[in-house]
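K.L.:
Given chain A, put chain B in place with the hints provided.
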Amino acid sequence: MAIARVAEPSGSLQEVREWGLDREDLLQIYRNMLITRGVEERGHILYRQGKIPGSFYTGRGNEASSVGVAMAMGADDVGTPLHRDMGVHITRGVEPWRIFAQYMGRADGPTHGRDGNVHMADSRLGLLAMVSHLPAMLPVAVGCALAFRIREEQRVAVAWYGEGASARGDTHEGMNFAGVRRLPVVFICDNNQWAYSTPTHLEYAVEHLADRANAYGFDGVVVDGTDVLAVYREAKRAIDKARGGGGPTLIECQTLRMEGHAVHDDAFYVPKELFERWAERDPIERFRTWLRSNADLSDDEEEQIGAYVKKLLNDALQKAEESPQPDPATLLDGVYATPEDLDTPHHK
Amino acid sequence: MSEKTYLQAISDGLRTEMRRDNRVFVLGEDVGVYGGAFKVTLGFQEEFGSWRVIDTPLSETAIVAGATGAAMMGLRPVAEMQFADFVSCAWDHLVTVAAKQRWRAGTPVPIVLRLPSGGGFSGGPFHSQNPESSFAHIPGLKCVCPATPEDAKGLMISAIEDPNPVLFFEHKHLYRRIKGEVPDERYTTPIGKARIHAEGDDVTVITWGAMVYTAEEAAKMVDASVEIVDLRTVMPWDKQAVLDSVRKTSKVLVLHEDTRTGGFGGEIAATIAEEAFEDLDAPVKRVTAPDSPVPFSPVLEKAFIPQPDGVAKALKELISY
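Chains as they are written, first to last, in the numbering used here: chain A, 1 to 348; chain B, 1 to 321.
Chain A on its own, in the form it takes in the complex (with noise of 0.2 Å):
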């Protein structure tokens, strides 16, 4: 039996509206998604030119979870991004071409060529850098919502996790401390349906993983992942929530990984049906279709959007290109710390 709310699809123009969202907000959304889903398929074809070393990983499908919740976010609260949740690094502002370098290695990118794929974040945008562990970083933003708590202040932190992830221990102790002490601390589970080649029936066993959020003693809610708007509503409502003192709410977004697990993998395990199902409900057409139906996109404007995003993306492969192989003599350089590296936004 289902325990956490079913969050309705999203709705008019007006409610929209009412959310807090404006036309133009409406239209950065669309951006943004156009830029995570772009950014990862030219990434496929740095790939396929063998200019990406290692393996390269995207979220298809996963671009209206990401950006709907990324948008809902303050600018002072931070958020632990996974690989599937490129929308988060774009709607944060992270430059497209520091993308392309990282995916590279290069030394422009965030991690200076140390880290590759999606285990990158500047810090300064509020993000912190995922590990290969997961969910090793969701206790880790309990920990950012602590200090928020410990010093009063109005912000909140955002961790994502998939639905993978929910089955190991440190999520269980980081939500666990999280209702304990009613943390500020928004959690987001990406539900793609695949962890790696396992599916859900064999990661868990109740309906909903939100349901499990009445165990720790906070609210669960499962919405449409595909449905950007009903993911921003849910994330606001429960970023409110924490930002008001009201503690943690889990928010499952339900999406299907449109792709492998990673560039080397076809997903054959997948039924095609399924992708065939989800492929139409793919959020960035879904979007496009409300936005035109609700808010009066033109082709003009599509015209123009669609032109930004080509231009942004090319400039950006190029600046990436050119920026230059990290330098084997750094390979030391801030294995530790040195009191100047506290000198950061988060460290006063």
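Everything labelled a hint here was simulated from the structure, so no lab data went into it. One should not assume that every hint holds.
To be verified - As a list, the in silico DSS-like pairs of lysine-lysine whose alpha-carbon atoms are at most 30 Å apart:
hint: 1; chain 1: B; residue 1: 193; chain 2: B; residue 2: 239
hint: 2; chain 1: A; residue 1: 51; chain 2: B; residue 2: 313
hint: 3; chain 1: A; residue 1: 319; chain 2: B; residue 2: 100
hint: 4; chain 1: B; residue 1: 285; chain 2: B; residue 2: 313
hint: 5; chain 1: B; residue 1: 302; chain 2: B; residue 2: 313
hint: 6; chain 1: B; residue 1: 316; chain 2: B; residue 2: 220
P.N.:
Relative to chain A, chain B alone:
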């Protein structure tokens, strides 16, 4: 100056920093109302309140990860593992997140993790270990192992000041047994600087933590002038002080309470072999715990932890070499 136990000196250092810097806070199991399993934070919650002395659920992962997140947001957490042994539950957050975050992503993680370590009182396999070597092997972490009350206070303050994750190994067998004069004012003891516990000319013992006192006992049993070098911090370690002493005495014994294979003594011995081979008059000797878990029975534990007579025997072998 006043006379303090090793345990009181740790409390003193922590309290000094909490009074001086409101970013410093404590979290761990039973650290608040109860004052910690060993009472290091007794009275802290009354003084600093329940949001600066935080009783957590039984969740080592959440404690270390929580400290990591709070540190990245500008606080200076001092997290306690009830016993150093339990840090295995938080390995991932120390090694995967905290140790690499500065190097990889530019975000320093200034946390202190207090680790009551060591045996000698039948704590058994899960309440007696000395896991410093495991963490000294991880680039990005620092490991300090004070032996005296004065160093315990000074290193605690240095650890809190340090912009890196610092593992503070406090030896349980020293808590109430070892007393010494401790300055009342605030001071720091540098991380990475050894201390000459006893000067000598004939043979050097390189050690740290509770084994400093075992070496001292052993030195009384031999007819030679023994220099005891207390490393004080294992990562970074004071290579220069070690090499200086080796060059002075030409005979070296490396002594630690941790097990032998892969223990930090191997690193020290290898460094001496690489950099001071010509100065040696005898092969470097190691006295360590054997490669077994820590036993419970007092008889077995005595056979496990290096004892003064065993160290004295090794010293005699070195002296007569």
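K.L.:
Could you run down the list of hints and mark each one as holding or not?
P.N.:
Against the structure, the hints:
At most 30 Å may separate the alpha-carbon atoms for a hinted pair to count; residue 193 of chain B and residue 239 of chain B meet this at roughly 9 Å. Under the criterion of a C-alpha separation no larger than 30 Å, the hint pairing residue 51 of chain A with residue 313 of chain B is inconsistent with the structure, at around 62 Å. Taken as a hint, the residue 319 of chain A and residue 100 of chain B pair is honoured in the structure, with Cα atoms around 28 Å apart against an allowance of 30 Å. For the proposed pair residue 285 of chain B and residue 313 of chain B, the alpha carbon gap of about 11 Å is at most 30 Å, so the pair holds.
Note on residue 302 of chain B and residue 313 of chain B: the hinted pairing holds, with a Cα-Cα distance of about 16 Å set against a maximum of 30 Å. Pair hint residue 316 of chain B plus residue 220 of chain B holds up; C-alpha atoms about 12 Å apart against a cutoff of 30 Å.
This entry does not satisfy hint 2, going by the numbered hints stated previously; all others are met.
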